[in-house]
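Novice: This is what each chain is made of:
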Amino acid sequence: MTDSRPIAEGLFTWPSEEPHLIGSRCDACGLVVFPTAEFCVKCSQQRLSAVELGRRGTLWTFTTQQFRPPSPPYMGDESFQPFALGYVAIDGQCMVEARLTEADPEKLRIGQEMELQIIPVRTEESGRAVVTFAFAPVD
Amino acid sequence: MKAAIVGVGLHPFGRYDGKSALQMGGDAIRLALADAGCQWSDVQAAYAGSFEATNADAVVSQIGLTGLPVRVIFNGCATGNALLASAAEAIEHGEHDVVVAVGMDKHPRGAFSADPEASGHPDWYGEAGLFLTTHYFGMKINRYMHEFGISHQTLARVAAKNLRIGEMNPKAWRRKALSEEEILASPMLNYPLRQYMFCGPDEGAAAVVLTRPQLAHKFAQPPVYVRAAELRTRRVGAFELMCTSLPLDRVDGPTQEASRAAFEEAGIGPEDVNVIQLQDTDAGSEIIHMAENGFCADGDQEKLVAAGDTEIGGRLPINTDGGLIANGEPMAASGLRQVYELVHQLRGAAGDRQVPGDPSVGYAHLYGAPGAAGCAILSR
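Quick note, the sequences are listed as chains G and B, same order.
Residue numbering for the first sequence is 1 to 139, as defined by our numbering.
Residue numbering for the second sequence is 1 to 380, as defined by our numbering.
If we strip away everything but chain B, and leave its shape as in the complex, we get:
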């Protein structure tokens, strides 16, 4: 066990006009410190991530200029995993005793837009209308449905589940349940994905306080241990975002590789996990990621979702806070929002959304452009 999480804080995701990403980051840190029962002056180092904030280390201006080292990490949608891993490694290596990881973001409304060249793509790719991340998600689930017999109804069921859980979560952004019929009647954005099957970019922050397992008793909360945090990028042949061409033969993607590495590091298997957070950029992503992370065979999702196995009371509770579909995605904060939820579940403090059966092992998965995945395993 590398490190113990003793405090978590969440600035709820949503829209906060007039409030900066750095201010939300400062709030999340304050909440995490209060949860841990310690002071900012106790923190010896921090890891910070943000897409929108210039210099994420400027978050210290929102909490206190104590001179501590703050290292900035950004891996797109997988940033939260990289922050957690770096903070846990700093603890494990004996570099520091108390470390904070914080992710914060504030995205404009609508689809992500960027300069293709800055992402390593030629101008013509954007000019022709191909430079959209959502294309990938439509194409990936379309192929997956064709190969493994997943129905449009199952896409709607997953979106309905996450929105229904969002309605139960006072900290979620989208708090209105929608029926499968309403979801299937919403406008098509990228076939076969419809408006209410997608998450939206929004704003928010999340923070975590970590310490050495031997020191965990000094803090206010029972420790949750980081058992593994692995990140992988893509290999040639993986079907990833915004590839102008692909080889004819497929290989496993970064999710499969990071997942296998995380289970190996933790010395457990998918069957030992009690509560799961998966990257649900869209309903199709949650379905595919169930199999890519080893929780079921390809195609089994059709019956698992219909049987309610992925609900909070099911055998494989997935996205127990409503996931990205209900919370939106401030990129750098998203992964630590998953950790916030898992820590509450493992403490037995998730209230109405508590997974029954006293869960002891949690799993968090992130995936995003241009082809990076992070998988973390936490346990009591």
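Chain G extracted, bound-state conformation:
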């Protein structure tokens, strides 16, 4: 994916061989959130530091998206393929909501180990891929 751009700046380290999600840790209470934030929703103060999240975690829950979401806001390719999404618990940090690379709910299991991947969500007219973060089962 050399010819690609991230879906938004500042969500994950990119380009990178081993990308990480970028979140914020509150300097006062230690709450970790994703993506980065300008204030803490727990203690309301505004001193936070950027933090790279761990690349691995466990699947806390999941669901699937079987039909093409209303567009806008959805911007995926016209040829829709169902996908799964879930919350992945990253040890010592937080749970992140993300798309999953495995779309079949029968092949997903709460508690299974997952790893961060960067996946294409659509192709621009120029042929450049727009990429986002997702988690893949570790087998």
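Read the hints as simulated data drawn from the structure, not as lab findings.
As the structure is a computational prediction, the values presented were derived from the model and not from experiment.
Among the hints, a few may not be true.
Said to hold, decoys possible - Every beta carbon over 10 Å from chain G, so not counted as near; a handful from chain B, in silico:
hint	residue
1	Leu31
2	Pro116
3	Glu127
4	Lys140
5	Arg143
6	Arg175
7	Lys176
8	Ala185
9	Asn190
10	Ala216
11	His217
12	Cys296
13	Asp309
14	Asp358
Stated by the list, open to error - In silico EDC-like pairs for lysine to aspartate or glutamate, Cα to Cα no more than 16 Å straight-line:
hint	chain 1	residue 1	chain 2	residue 2
15	G	Lys107	G	Glu78
16	G	Lys42	B	Asp249
17	G	Lys42	G	Glu52
18	B	Lys140	B	Asp298
19	B	Lys171	B	Asp298
20	G	Lys42	B	Asp252
Idealized CB from N, CA, C, for every residue including glycine.
Once you have looked at the hints, place chain B on chain G.
Specialist: Using the frame of chain G, we list chain B on its own:
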């Protein structure tokens, strides 16, 4: 007791091409006034809610321009609770003697769609296909099934119950009973939730007339008292809709908090409730909300639902008009539809769907994006 409900009106939920939300709101008010045996000119203030109508206070154009104050409130799916609470408080504080609360909406077909930014979400969240409220309901019940042993069959049983009751309710939108097999064979939308396990957005309105308990005898109907109406938003750590991240440790959500506050305010407990309306955005939500509102322990739903305890004739009659699954959800009207049903049940006027045993205490619960819940307790 804060206030007495002396009139209720419902513009049935469904699809009404060519009729506006405001027109339905006007109709609901007229029905509520007729029920109470009073006139629009008797009403001293109103509280109005709508997602789709521009300026819900414009509902006066559908009933009469009397100059009364109309305050507009919108809390998403919990709007009905906020309308009821505000109207009851205006009565309790002695501000007015006769107050109307009205909710009305008219949603387009299909899943709710909106601008992520207007809801406080970044554009990428919508672009990537994550900005859908239904994801939350799928993920919440999936986790709940895993933790507490709830089966897919129980999801189907709940949907079948609400559709079966809908068939008995002439004012319901979906009036065709479906078997558990048909429900389990319907298309998967958001695992583990299938098409017939979800409610759909639709159109409709509901209105309530309230007065001071001391004045209730002047109206045509026996009073039903508002014993509590509590609304809560989410705390850090609650698992709520459309969170890009969550802390690792869970805390109770707004439903648990609003429910506890309502029972405390009313001075009664869940065991004292005879008829229950719960937010059944989907079959999973009804199951989870049984426990979150204190009516059973987590996991007990599996046997309670199978035993028929949540049917109209059961120990915990839930969604006795078919709930959202059979009525659909015009957001701002949904909560007052629950009040309409409870008032009929407590008057003993619910016809074929009457809960036996002369019920005297009713409970109504709402929940919705981005994480707000309202719980109300009514009694004779």
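Novice: Hint by hint, note whether the structure agrees.
Specialist: Against the structure, the hints come out as follows:
1. For leucine 31 (chain B), the condition that its CB be more than 10 Å from all CB atoms of chain G holds, with the nearest at approximately 34 Å.
2. For proline 116 (chain B), the requirement that its beta carbon stay farther than 10 Å from each beta carbon of chain G is not met, with the minimum near 5 Å.
3. The claim that glutamate 127 (chain B) is not at the interface with chain G is violated, since a C-beta of that chain comes within 10 Å of its own (minimum 4 Å).
4. Not every CB of chain G lies more than 10 Å from the CB of lysine 140 (chain B), the least distance being 7 Å, so the non-interface label is violated.
5. The beta carbon of arginine 143 (chain B) sits about 4 Å from the closest Cβ of chain G, which is not more than 10 Å, so the claim that it is off the interface is violated.
6. For arginine 175 (chain B), the shortest C-beta to C-beta distance to chain G comes to about 25 Å, beyond the 10 Å cut-off, and the non-interface label holds.
7. Non-interface status of lysine 176 (chain B) relative to chain G is upheld: no Cβ of that chain comes within 10 Å, the nearest being about 22 Å off.
8. Its beta-carbon lying about 14 Å from the closest one in chain G, alanine 185 (chain B) satisfies the requirement of being farther than 10 Å from that chain.
9. Not every beta carbon of chain G lies more than 10 Å from that of asparagine 190 (chain B), the smallest distance being close to 5 Å; the non-interface claim is violated.
10. Under the 10 Å C-beta cut-off, the non-interface status given to alanine 216 (chain B) relative to chain G holds; the minimum distance is some 44 Å.
11. For histidine 217 (chain B), the non-interface assignment is confirmed: its Cβ lies about 50 Å from the closest Cβ of chain G, beyond the 10 Å cut-off.
12. The beta carbon of cysteine 296 (chain B) sits about 22 Å from the closest Cβ of chain G, which is more than 10 Å, so the claim that it is off the interface holds.
13. Every Cβ of chain G is farther than 10 Å from the Cβ of aspartate 309 (chain B); the closest lies at roughly 27 Å, confirming the non-interface assignment.
14. Its beta-carbon lying about 42 Å from the closest one in chain G, aspartate 358 (chain B) satisfies the requirement of being farther than 10 Å from that chain.
15. A distance of roughly 25 Å separates the Cα atoms of lysine 107 (chain G) and glutamate 78 (chain G); the hinted pair therefore is violated under the 16 Å criterion.
16. Pair hint lysine 42 (chain G) plus aspartate 249 (chain B) holds up; C-alpha atoms about 13 Å apart against a cutoff of 16 Å.
17. With a C-alpha separation of about 20 Å, the suggested pair lysine 42 (chain G) and glutamate 52 (chain G) falls outside the 16 Å cut-off, and the hint is violated.
18. The suggested pairing of lysine 140 (chain B) with aspartate 298 (chain B) holds, with an alpha-carbon distance near 13 Å, which does not exceed 16 Å.
19. A distance of roughly 33 Å separates the Cα atoms of lysine 171 (chain B) and aspartate 298 (chain B); the hinted pair therefore is violated under the 16 Å criterion.
20. Our distance criterion of 16 Å between C-alpha atoms is met by lysine 42 (chain G) and aspartate 252 (chain B), whose separation comes to about 15 Å.
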